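> Starting from the structure of chain X, add chain U where the hints point.
Number of protein chains: 2
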Amino acid sequence: MGVEIERKFLVRSDSWQVHAGNGSRYRQGYLSHDPQRCVRIRISGDDAWLNIKCATSPIRRLEYDYPVPLEDAQEMLQMLRSDDCIDKVRYPVRHGRHVWEVDVFEGSNAGLIVAEIELDDEDETFEKPDWLGEEVSDDPRYYNMNLAKQPYSTW
Amino acid sequence: MGVEIERKFLVRSDSWQVHAGNGSRYRQGYLSHDPQRCVRIRISGDDAWLNIKCATSPIRRLEYDYPVPLEDAQEMLQMLRSDDCIDKVRYPVRHGRHVWEVDVFEGSNAGLIVAEIELDDEDETFEKPDWLGEEVSDDPRYYNMNLAKQPYSTW
Chain X
1 MGVEIERKFL VRSDSWQVHA GNGSRYRQGY LSHDPQRCVR IRISGDDAWL
51 NIKCATSPIR RLEYDYPVPL EDAQEMLQML RSDDCIDKVR YPVRHGRHVW
101 EVDVFEGSNA GLIVAEIELD DEDETFEKPD WLGEEVSDDP RYYNMNLAKQ
151 PYSTW
Chain U
1 MGVEIERKFL VRSDSWQVHA GNGSRYRQGY LSHDPQRCVR IRISGDDAWL
51 NIKCATSPIR RLEYDYPVPL EDAQEMLQML RSDDCIDKVR YPVRHGRHVW
101 EVDVFEGSNA GLIVAEIELD DEDETFEKPD WLGEEVSDDP RYYNMNLAKQ
151 PYSTW
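Protein chains in written order, with UniProt numbering: chain X, 1 to 155; chain U, 1 to 155.
The following block holds chain X by itself, in its conformation from the complex (with noise of 0.2 Å):
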């Protein structure tokens, strides 16, 4: 078990594309929708996960991550609907103590841009760089899970 603490905004400039690493391409598709019981099969390259996300509240999840066979993981996505799938390219920007995941999605979600930071507690305080705009965290609009049934194309 984890506890993942996470917060999520908008990102209202490029400037985080100075700092940023190497990027990680993801496809993932969904299982389950339900943000109590969230289960998303993820491939990144060669290799592939199961994750269950359950929500005790907007920023707070119990989570499980456990890696699966690349051929199960395939086989999953290909059987979810498309229109459970997304894909995004995660870049990881150090900025002060912390790492922040920039995700920019790709397809339906084309143009939408989140970055995300994960903190030990949930009044762990950290730095804003300046390319960050308005907190999403509590909007389920952006949640991953919804994204895959309601892309930013249709909003």
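Keep in mind that the hints were calculated from the coordinates and are not lab data. Wrong hints could be hidden among the right ones.
Label pairs and their calculated CB-CB ranges [to be verified]: (1) X:Phe126 x U:Leu70: 29 to 39 Å; (2) X:Pro69 x U:Asn146: 25 to 35 Å; (3) U:Leu70 x X:Pro140: 31 to 41 Å.
Partial list, derived from the structure: chain X residues whose beta carbon lies under 10 Å from chain U [what the hints assert, rightly or not]: (4) Tyr26; (5) His33; (6) Ile41; (7) Ile43; (8) Ser44; (9) Asp47; (10) Leu50; (11) Tyr64; (12) Val68; (13) Pro69; (14) Met76; (15) Leu80; (16) Asp84; (17) Cys85; (18) Asp87; (19) Val89.
Since the structure is predicted, the reported quantities are computational estimates derived from the model, not experimental observations. All C-beta atoms in this analysis are idealised placements derived from N, C-alpha and C, irrespective of residue type, glycine included.
Chain U only, in chain X's frame:
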């Protein structure tokens, strides 16, 4: 990946007990009830598994099974509301070339006993033991994930 072909029957007498092996107690709960993408956590003794079944027809399913840490499974089952869990004891019962699995349900499903057989293909023949009752493979009420939500005692 595995393709699972399973047929399920009611049990009309106790005579299966004469041929039954040792029972294994299962406690299981569901992260997703969607028959197209059912996600189950199961604990038996000190072992725990995450299981994913993707139905492609009532008796044919893609199935994936992954061992997970016992503590993770315990946490997840605890988090699921009790109406998303079922308890049963499963007995192996050999008959002819096949081993049947007889599930004796407990708790809010007490009184229900079903027998399942796994086949290599949909047309495979098998001997029916004299304790076997009506086939219920196509009846969604008997899906374990539905027994968790709408237990036998409420029918």
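> All hints, please: hold or fail.
Going through the hints against the structure:
1. X:Phe126 x U:Leu70: 29 to 39 Å: Holds, at about 35 Å.
2. X:Pro69 x U:Asn146: 25 to 35 Å: 29 Å Cβ-Cβ, so the 25 to 35 Å window holds.
3. U:Leu70 x X:Pro140: 31 to 41 Å: holds, 33 Å
4. Tyr26: violated, 19 Å
5. His33: Since the shortest Cβ distance to chain U is 9 Å, the answer is holds.
6. Ile41: holds, 9 Å
7. Ile43: violated, 15 Å
8. Ser44: Hint violated; X:Ser44 Cβ to chain U Cβ min 18 Å, cut 10 Å.
9. Asp47: violated, 15 Å
10. Leu50: Since the shortest Cβ distance to chain U is 7 Å, the answer is holds.
11. Tyr64: X:Tyr64 check passes; min Cβ-Cβ to chain U is 5 Å, inside 10 Å.
12. Val68: For X:Val68, the interface hint holds, since the closest Cβ of chain U sits about 6 Å away, which is under 10 Å.
13. Pro69: holds, 9 Å
14. Met76: At 7 Å from the nearest chain U Cβ, X:Met76 passes the 10 Å test, so the hint holds.
15. Leu80: holds, 7 Å
16. Asp84: This interface hint holds because 9 Å falls under the 10 Å limit.
17. Cys85: violated, 13 Å
18. Asp87: It is violated, given that the least Cβ distance between X:Asp87 and chain U is near 19 Å, above 10 Å.
19. Val89: violated, 26 Å
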